[in-house]
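Chains as they are written, first to last, in my numbering: chain A, 1 to 364; chain B, 1 to 608.
No incorrect hints appear here.
Restraint-style ranges between C-beta atoms, simulated for each label pair:
(1) P254(A) with R22(B): 43 to 49 Å
(2) L242(A) with Y44(B): 21 to 27 Å
(3) P480(B) with D251(A): 53 to 59 Å
(4) H41(A) with L30(B): 37 to 43 Å
(5) D251(A) with A147(B): 35 to 41 Å
(6) P154(B) with I325(A): 56 to 62 Å
(7) E223(B) with P193(A): 45 to 51 Å
(8) L200(A) with P139(B): 48 to 54 Å
(9) A192(A) with E223(B): 44 to 50 Å
(10) L30(B) with W196(A): 24 to 30 Å
These are calculated hints, taken from the structure and not from any lab test.
Small disclaimer: the values here were computed from a predicted structure and weren't measured.
Note that the Cβ used here is the ideal one computed from N, Cα and C, for glycine as well.
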Amino acid sequence: MRFGADAGDRPTLTMLLALGVIGVIAVSSATHTAGSALLSHAGWRQLVYLLIGIAVYFVVERIDYHDWADSVWFLYGAGLVVLVALPLFARPINGARAWIDLGVLRIQPSEPMKAVVVLAAAAFLASSSGRLSFMRLVSLGAVVGVPMMLIALQPDLGTVLTFGPLFLALAWLAGIRPRVLVALFLIGALLAPVLWFGVLHDYQKERVLTVLDPERDPSGTGYQVIQSRIAIGSGGFAGKGLFRGSQSRLDFLPARQTDFVLAVIAEEAGFVGVLVVFGLWAGLLFRAFRTATVARDRLGTFIAVGAASLWAGQIFINAGMVAGILPTIGVPLPLLSYGGSSVIATFLAFGLVASVRTGRYVNA
Amino acid sequence: MRIDYKQLRPYREYQEARLLSRRLLVLQLLIAVGFLLFAGIFWYLQVVEGDEYRALAEENRLRRLPARPGRGPLRDIDGEVLATNRPSFAVYLDRERTSDPGREVEQLARFLGESPDGMLARLEAADSSPRFVPVLILPDVGLEVAARIAAHRPELPAIDVETDPKRFYPLGPAAAHALGYVSESTARQVRDGGLLPGQRVGQTGIELAFDMELRGVPEVVLEEVNARGRPLRRLDTMTPVIHGRGLTLTLDADIQRAIHEAFAGRAGAAVFLDPATGAVRGLYSGPSFDPNLFSGRLSPERWHALVDDPQRPLQNRATGSAYSPGSTFKVVMAAAALADGVVGSGERIFCAGSRSFYGQRRYCHFRGGHGWVAIDEAITRSCNVFFYEVGDRLGIERIAGWARRFGLGEKSGIGLPAESGGLVPSDEWKRRTRGEPWYPGETISVAIGQGPLLVTPLQMAVLAAAIANGGRRVHPHLLPGAAAPAEPIGLPAEALAHVRQGMRDVVESDFGTARRARVRGIEVAGKTGTAQVVRLGEKNPGDHAWFIGFAPVENPELAFAIIVEHAGHGGSAAAPIASRVVARWLAERGRDEAGETLLARNDRGPER
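With the rest of the complex left out, here is chain A (with noise of 0.2 Å):
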C-alpha cells in the first residue's frame, strides 16, 4: 500500500462523481411515480452503489497498481471460474444466467470482470516492446477471448461486445502490423455470415433488421426503437424538466432506467444534457488517455488504455443503441444505467487508472 502526499486524480473522481450523481437522479426520474420523495426506491439504491462504488475508487486508487498486476492472475482464474459456475448453476433471469442471486442484491460478475480483463491484459502485454509478434497477439486474443465466450454462454451479447474495443485498442497500442488488423477485419468480415446464420437466435437477428427499418414491426422489436427516438427527440434543445419527460413517466419506454436511460435524459435535460453526459465521459477517457502518456511503464499505460477503450466501447454501443442506429443489445450506459454491479466496475477501473495516475512519480 502506498500513501501518496498528492491528493489523488481529482479531476477523475470529480467526473466520476458528477456522473453517478446524474445517474441516481436520471434513474430517480425513469422510476419516479406520481407523489412520491424526490429519490425512488431505485434511486436510493442506486445512490448507495455510487458511495460503494467511491470507496472501492479510494481503495484501488491508493494501491500500486504493480501490486494489482501481481496478483492479477489470481484474479483472473477465479473470475473464470465463477463465469464457468454461471451458466451452470445460475437462475436464469430474463433468459440469462449471468447474475448471483444474493437475496438483497444481484451481482453480475461480467461487470467486475471487465476490469479483471483490463488489467490482466495490460499485464500480458507490458513485458515487451517492438511490434506485436503473431504468438503474442492470439495470446492476447486468448486472455480477452475466453471470458468473452464465457459471457456468450450466459448468454450476455452486449458485454460480449464491449471486449471487442479493448481487444483492438491494446493490440494497436501493443504494436500490431496494419496488414494484421486488416487481416482481422477480413476474417471478421468472413465470419458475419456464420455469426447470422449460426449463432444469433431469431430474436436477435430482427434486432438488427429493426435498426435498418424500425417500422417493419412497430409494435414489437421495433416499439423500442421507435419509442427510444420519440423521447430523445422530444426533448428537444433544453428538454422537458426534470420529472417531466412523458415518454419516460406513461411507460412508453421499456428499459427506460437500464440500458435506455440516456433517451430519459434526453427527454429530460434535451440536448443540453446529453452533451453534458458526453463532455463528462469524453473528459473521463481523455483523462484516461493522458494518464496513459505520463504513465511510468508499459503496465500503466495499457491498463488506462484498457479501461477507457472498454468503456468507450459500452458508451458508444450504448448511445447507438438508444439512437437507435445499433441493434437493441443489452449495454448499460456506465454510471447512468442503474445497477450496482456496473457502477462498482467503473469505479473499480477507473481507480486501477488513478492509481497509475498517482504511481507515475513513484520509483520502485
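Since the structure of chain A is already known, use the hints to place chain B on it.
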C-alpha cells in the same frame, strides 16, 4: 515464467515512447470522432427533428375521449313525441376494484334475482382485454335494476351503472316509414364519418334525411394515458358537447295512428297533406314494422325475418313504390280536357259500354253503358268511354304535359331516401327506351291510368292537393315552412270547379264510386281507382285499390292518396281508410280547438 512487475523498465528509449504516443493519438482521435458523431446524431434527433418527435410524443400521451351527444327528439305538429331517447342503463364491472370479479357478479345476480350465467360468460369473454377496461356485464337494463344496484352500492364496490340512452318511438309501427330508424354506427362510419362507437345513426326515413341535425356534436376531452392506455387524468375539453337539434315535424301522430289502425296489417300506402302548403300530415306504408327493434341489438334472425318477408315491410311504399294510377288519373284527364278546351263543360259524350279506337274495342267497366254523360258525371261514375274519347282528343303530349304540371313523373323532393319518380310516358320517352314511336292506341290506355304510366302515392297526394287548393302544385315537406310555396299550374277556375264537383259526387252522391268514404259532419271529395296488376306466368293476385281526394270539400284541410295492394276496387278497400282517418282527425281537431270547430260543424250537420 513469472515476471516481477516492480522490475519493469520505465520508458527510456525515445523510439518506443514515440511509437506509443503516435498510436495513443490515433485511439484518442477515434474516440473524439465517436463523441462528435454521437453529438451530431443527437443534435439531429433533438434539434432538427425535435418538433416532429414532440408531436409524436404528444400523440402517444394524449387520447381524445369523446362523449356522445344526445340525439335530437322528433315531435309532431302538436308537440307529441314521435322519437326520443329512452333512458337505459348499462352495468359494468371494473375488475381492478375487486380481487374476485366472479364472486361480485354472483353477488349482483343474487341481488337482482337472476341467473349469473350470462354475466359470467361476458366476464370470461373479456379476459383478453386489459384489466382496467370495464366489462359490460348487463346491457340495456331499466331504471328499476339500476335503482336496485344503487341500493346495494356498498356490497358491489366494482359495479358501475352508466346511462346508455336508446332511441324510442312511442308510435311504434304507426310511423315507422316516415320516421325511419337508427342503428349503432358501423366501424366504417366511425373511421370515415367522425362518428363515435355506439352512436346512433339514422338509417332511413326522417332519421336519415335529417341525420346531421339530429346527431349533434360529440364532446371531446383530452385525456392523458400511459403506454397501456390507462387513463391517468383529464386535461381539458376541446369541444363542448352539442346535443342534436330536436325537430318538430309536420306529421300528426293522430293521423299516423288512424292510418295504421285502418290498414290493419294490409299492404299499401297512404299520404295525407295539408293542401295549402304541402306539409305532410301523415305518411304510412304497410305492412309496417316496429322501428324500436333496431334501437337495441337486432338479432340476425329478426333482421332476416324482416328482410326476407315477401311483403317487404321495410320498403317505404308511400314514396318509394310506383304503381299504375288507374282511374284516379281521370282527375288529370278531366282537368286537362277542360283547361285545353277539348271538351266543353256542358258537352255530353255517349257511353254504350264500349267503343272502338284505332281498330281495337275498348270497354267501359260498366258494360251496360252510362249513356250520355257530361264531365262531372264521368268523374263521378268513372266512365271509361268518356275518358277514352278525351284522351284521343288530347293526345299523349298534352296528357304528359298536364301530368307533369301536377307533379307526376318526377321526384317530389320531400327529402326522404329512395324516393321514386314514377313515369309519365311520351313519344320522346318511348323512342328513347323502346326505339319505336308512340302509337295513338296507347294513348287510350293512358287516358284511364293504365299503360306504362307509374305514380307514387305521394305524387297522387300532391295531385289531390292541387285540386283541393285551387290549382296550385305544392312541395311536400316534413319540416314546417321548409318548402317553396305552392305554385299555380294554370288551371282555369271553371275547370277546377267541374273536377271538384265530380269528385265531391264520387263520395257524396248516390251514384258515386266511393260512398264508403263519407264522414259524418263534413263533405269529402275523392276519386277511386283500380290499378290492374299483371304478372306474367302467375295467377292474378288481385288489383290494387286506389282512393285519392280531399276534405272538407269547402276549405279543404287534408288532401290524400291511399293505395291498398291486391284489395280490388278502390271504393270498397281504400275509401273507408280515408273515411276513418278524416273522421279521427276531425274528432281530435275538435277536441284540440276546445270544441269550437266541432260545435260549429255540428250546428249545420244533419245528424244532430
